[in-house]
Structures are given as structure tokens and as C-alpha cells.
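S.K.: This note's numbering numbers the first residue of the sequence shown as 3 and each following residue consecutively.
In short, the hints are calculated from the structure, not lab data.
Treat the hints with care, as some may be off.
Just the calculated beta-carbon pair ranges, DEER-fashion [said to hold, decoys possible]:
(1) E85 / R36: 41 to 47 Å
(2) T63 / R89: 27 to 33 Å
(3) M87 / P32: 18 to 24 Å
Idealized CB from N, CA, C, for every residue including glycine.
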Amino acid sequence: MEFDITSNEIQDGLVSFQADTLAFRFTPRPMTQRLECTVELREYLGGGFAGNVLLNGTASTVIEPDQSSDAWLCFGGFGWQDERMTRPVGLCHYRVSLDGDSTVSVAIGAEEHLF
Numbered sequence: 003m004e005f006d007i008t009s010n011e012i013q014d015g016l017v018s019f020q021a022d023t024l025a026f027r028f029t030p031r032p033m034t035q036r037l038e039c040t041v042e043l044r045e046y047l048g049g050g051f052a053g054n055v056l057l058n059g060t061a062s063t064v065i066e067p068d069q070s071s072d073a074w075l076c077f078g079g080f081g082w083q084d085e086r087m088t089r090p091v092g093l094c095h096y097r098v099s100l101d102g103d104s105t106v107s108v109a110i111g112a113e114e115h116l117f
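Kindly generate the complete structure, drawing on both the sequences and the hints.
M.R.: In C-alpha cells, the structure reads:
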């Protein structure tokens with residue numbers, strides 16, 4: 003899944019994943035200004051509702067002015083869907099926010115598929 007996010011924008015959505023890891027890749031455009039990119043992952047309650055923040059589910063990264071390399075946020079160890087710990091979390095709500103005045107492309111998926 004990929005999308006662009008611009009200047010102080012917030013993007014919300016639902017993402018599913020196979021393994022207990024999820025990666026967000028932020029690709030800056032040429033002449034990007036300083037940006038802070040934040041991701042928050044919340045449990046999926048069904049019916050389009052988001053619940054509590056997942057374990058290890060919030061992080062930020064900074065893109066420096068004129069940075070040409072990607073910035074990454076990787077998450078894992080979210081916990082389990084059941085008390086017997088037989089089904090790891092594999093679906094969640096995400097919120098990506100951008101603090102700054104530029105545009106970046108965001109890719110979401112398993113880390114090995116984003117390289």
C-alpha cells in the first residue's frame with residue numbers, strides 16, 4: 003500500500019499483515035524541508051472502530067532538509083488476539099501524521115517487501 007502525505011496532514015486506514023511485523027517507509031521528494039513523521043497503530047475492534055494503541059505501536063522519525071534516503075519505522079511484537087496466545091495480531095488501524103511543510107511518499111507492508 004502506498005500514498006503521498008503532505009504538510010501537516012493525517013492519513014488514517016486499516017492494514018493487514020502476515021507476520022508480527024509491519025514497516026513504514028517514508029520517501030522524501032527533492033528539496034524536502036525538515037519533517038517529523040509519526041505513526042500510531044491501534045487495535046481493530048470491528049465495524050470500522052479503532053481501540054487502544056497496540057503494544058510498541060507508536061513511533062516517530064525525522065527527515066532532515068534535502069535528505070535523499072528513505073526513513074523507516076518498523077514495528078513488531080504487537081501481542082495476541084486471544085488469551086491463549088495462538089493468534090498474533092494481524093490487522094490494525096494506522097494513523098500517519100506529518101509535521102512540517104513538504105510531501106513524502108509512504109509505503110506500508112512487511113519490511114522484506116518494501117526494499
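S.K.: Does 41 to 47 Å hold as the CB distance between E85 and R36, or does it fail?
M.R.: holds (44 Å)
S.K.: Cβ-Cβ distance between T63 and R89: within 27 to 33 Å?
M.R.: holds (30 Å)
S.K.: Using the Cβ atoms, figure out if M87 sits within 18 to 24 Å of P32.
M.R.: Because 46 Å falls outside the window, the suggested range is violated.
Checked against the numbered hints given earlier, this structure breaks only hint 3.
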